[in-house]
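Trainee: We have chain A already, so just place chain B with the ligands on it with the hints.
Sequence lines, in order, name chains A and B. Sequential numbering from 1 applies to the first sequence in our numbering. Sequential numbering from 243 applies to the second sequence in our numbering.
If you are wondering where the hints come from, they were derived from the structure by calculation, not from laboratory data. Think of the CB as a built atom: it goes at the ideal place given N, C-alpha and C, for glycine as much as any other residue. Take the hints with a grain of salt, since some may be wrong.
As the list claims (entries may be wrong) - Output of the computed footprint for chain B on chain A, the stretches with three or more beta carbons under 8 Å from beta carbons of chain B:
1) 48-56
2) 72-81
3) 98-104
4) 109-115
As the list claims (entries may be wrong) - Distance condition first, Cα-Cα at most 30 Å in a straight line; then the derived DSSO-like pairs of lysine-lysine:
5) A:Lys140 - B:Lys566
6) B:Lys523 - A:Lys73
7) B:Lys258 - B:Lys566
8) B:Lys523 - A:Lys177
9) A:Lys77 - A:Lys118
10) B:Lys396 - B:Lys340
11) A:Lys118 - B:Lys523
12) A:Lys85 - B:Lys396
13) A:Lys85 - A:Lys209
What the hints assert, rightly or not - Anything over 12 Å on all C-beta distances counts as not near chain B; from chain A, calculated:
14) Val18
15) Trp65
16) His95
17) Asp168
18) Gly172
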Amino acid sequence: MSKIIEIKKLRKVYGDGVELVALDDVDLTIEEGEVLSIVGPSGSGKSTLLNMIGLLDTPSNGEIWLKGQNISKASSKERARLRNKELGFIFQYHHLLPEFSAVENVMMPLLIAGVEKKEARHRAITLLEEVGLGDQLNNKPNQLSGGQNQRVAVARALAGHPSIVIGDEPTGNLDSKSSDMIYELLRKLNREMNQTFILVTHDMDMAEKTDRILRLVDGKIVCEMLRDGDKFVTRDLCKLDK
Amino acid sequence: MFELTVAERHILGNPKMALFTVLSVALAVGVIVVLIGLTEGYKVNLIENTVENSPHVTVEPKEEEDYIYLYRTLTSIVDVYPEVLTASPRLIGRAAAKYKDNVEGVTFIGADPVQEDLLLRVREDIVWGDYYDLRFKRYAAVVGSDLADDLELKPGDDFRLTRQYVTIQVKAVGIIETGTGLDQTLVYLPLETAQDLLGEGDVVSEVGIRLSDIYAAPAIASDLNNKTRYNAESWQDKSRDILEQLDTQQIYSYIFYLLIFIISGFGIANTMIMIITRRTKEIGILMAMGADQAAIMKIFVLESLILGPPSVLLGGGLAYVAGKLIGNIEVPAEIYIANRMTVVLNLETFLFVSVFALLVNFLAGIYPAYKASRLDPVEAIATE
Ligand SMILES: Nc1ncnc2c1ncn2[C@@H]1O[C@H](COP(=O)(O)OP(=O)(O)O)[C@@H](O)[C@H]1O
Ligand SMILES: [Mg+2]
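The following block holds chain A by itself, in its conformation from the complex (with noise of 0.2 Å):
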């Protein structure tokens, strides 16, 4: 296993006269075809870590590495480039175009790179098969219901076969049957594409599934969990029950 992303003593401070420390000099490694959970209390800043991988925000001070390059400092253009090619997004809310049908929207990111249409559709209609939607290619967001949308969601993530998905609570807004679902496609997907996942979630099931723990207190990883057969060896001292 290669390292995919490596974190140095990111910090995130918001606020110009009262400072907020929203990461307090992290320090991250994240191996290719890892599944790793965030978890921790609300306001500790896992969003914003997410975000800062995600290439949707941008450091204070620290620097980030993904696949070798040092993205900390790259330009806006840059930056859009790599969303595009090596991230995958999945938000606690679907967030699809409303406009867009669910083919549509997987379309997008694809469209974006500038693939061809026809080409776009074809992969669109694969994802979508993927996840169980085969038979909803051209409804709406408001014709599928909220798990439905979600799977698009899922499925636009991986259309432009990223090397990170990230997912910010990505069933935290779907009943259980249907979260289990998700994490089922994406286990499946990490599996079958040795794809990185990143998942924040508050759903400590879901966290167990998986093959890493981060506990983000106060901006700062207070707690690391591997995964060792069926069972999880901690690093520090820590607690997970929240």
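Mentor: Just chain B with the ligands, lined up with the frame of chain A:
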């Protein structure tokens, strides 16, 4: 070009907004095209009016002289030009008309009826009687319709014309209605009768010339000025002042049109800002998917560009309909120069206004599009 696809979908997804933008530009284009058309129409009417109702070239006395004495010689010089249809010696003056107890100031024109009719198509405006009667009846007159009313003069009545110490009695053998202010003062007389009234002998005050080609007037006038010592003036010279005045007014009109465009530009910019505010979240999502700033900007600039052509076409349609409607409204000739306003709708005006409108439309879309492209993706996605 996913930007075009997104732009199209945005427009179709929000037809009300699109319609608002289209209408705002269309109205601006329509109003301006009609206003320019009205001004052009006024000019056309003015020229037509001038060309129809006054001589194309007027030859006036030499300097230091009040009248033309050798007008027959002058006429024979004038008749040589091939473009000359007629040269009518005319004696114009002021007098008082009396009928019963009514007195009105009048302008009389003494001329040979045949030549005068060739010059100004007098007989077309005769509403009663016959202008040609003046050829045979020495003490006859054709009277302006409003003047006849003011004098309470009925067709066939005798009335008196007085100028200084001379008074003559004439019979109203015709009533003329030109549809202009002249109807209140005009009296046509045979040339000899007018000369009697003036008491200066066999003289005229001018020779009016009608041409087959109205644009030959300046050349003929200047040629006459070179050849004779009389003062020849073309209709273009006579209406120069008013045309120049119109052009000066035109400058103010253009400032006004510019204001209309600025207002419409702000309307468009405002609509675009509203559209972008509504779509902030989607912009963030597109950014997360890898759309860069240039792409976001392109989407919204395209949105306003797509709406441009239908807007100006609709504006052209509105202008056409409005022009036809305005052209059908009757207006009193006293306040305008004809009974109908003319709206000149030509393609050049429309194209000129359209290009300008498209430019305004484009510029108005740029700033909001720029703002959209600079949104922070995290904040944009978090927007509700
Ligand atoms: N744009 C922002 N401006 C100011 N403070 C922010 C902003 N975004 C997040 N924060 C603050 O940073 C901290 C971490 O937030 P976040 O990463 O969203 O936490 P989590 O996702 O773990 O709930 C919180 O205290 C939050 O209020
Ligand atoms: Mg969060």
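Trainee: Does each hint fit the structure? Answer for all of them.
Mentor: Tested hints:
no., hint, verdict
1, 48-56, "holds (count 3)"
2, 72-81, "holds (count 4)"
3, 98-104, "holds (count 3)"
4, 109-115, "holds (count 4)"
5, A:Lys140 - B:Lys566, "46 Å, violated"
6, B:Lys523 - A:Lys73, "25 Å, holds"
7, B:Lys258 - B:Lys566, "29 Å, holds"
8, B:Lys523 - A:Lys177, "28 Å, holds"
9, A:Lys77 - A:Lys118, "26 Å, holds"
10, B:Lys396 - B:Lys340, "13 Å, holds"
11, A:Lys118 - B:Lys523, "27 Å, holds"
12, A:Lys85 - B:Lys396, "98 Å, violated"
13, A:Lys85 - A:Lys209, "27 Å, holds"
14, Val18, "19 Å, holds"
15, Trp65, "20 Å, holds"
16, His95, "5 Å, violated"
17, Asp168, "10 Å, violated"
18, Gly172, "14 Å, holds"
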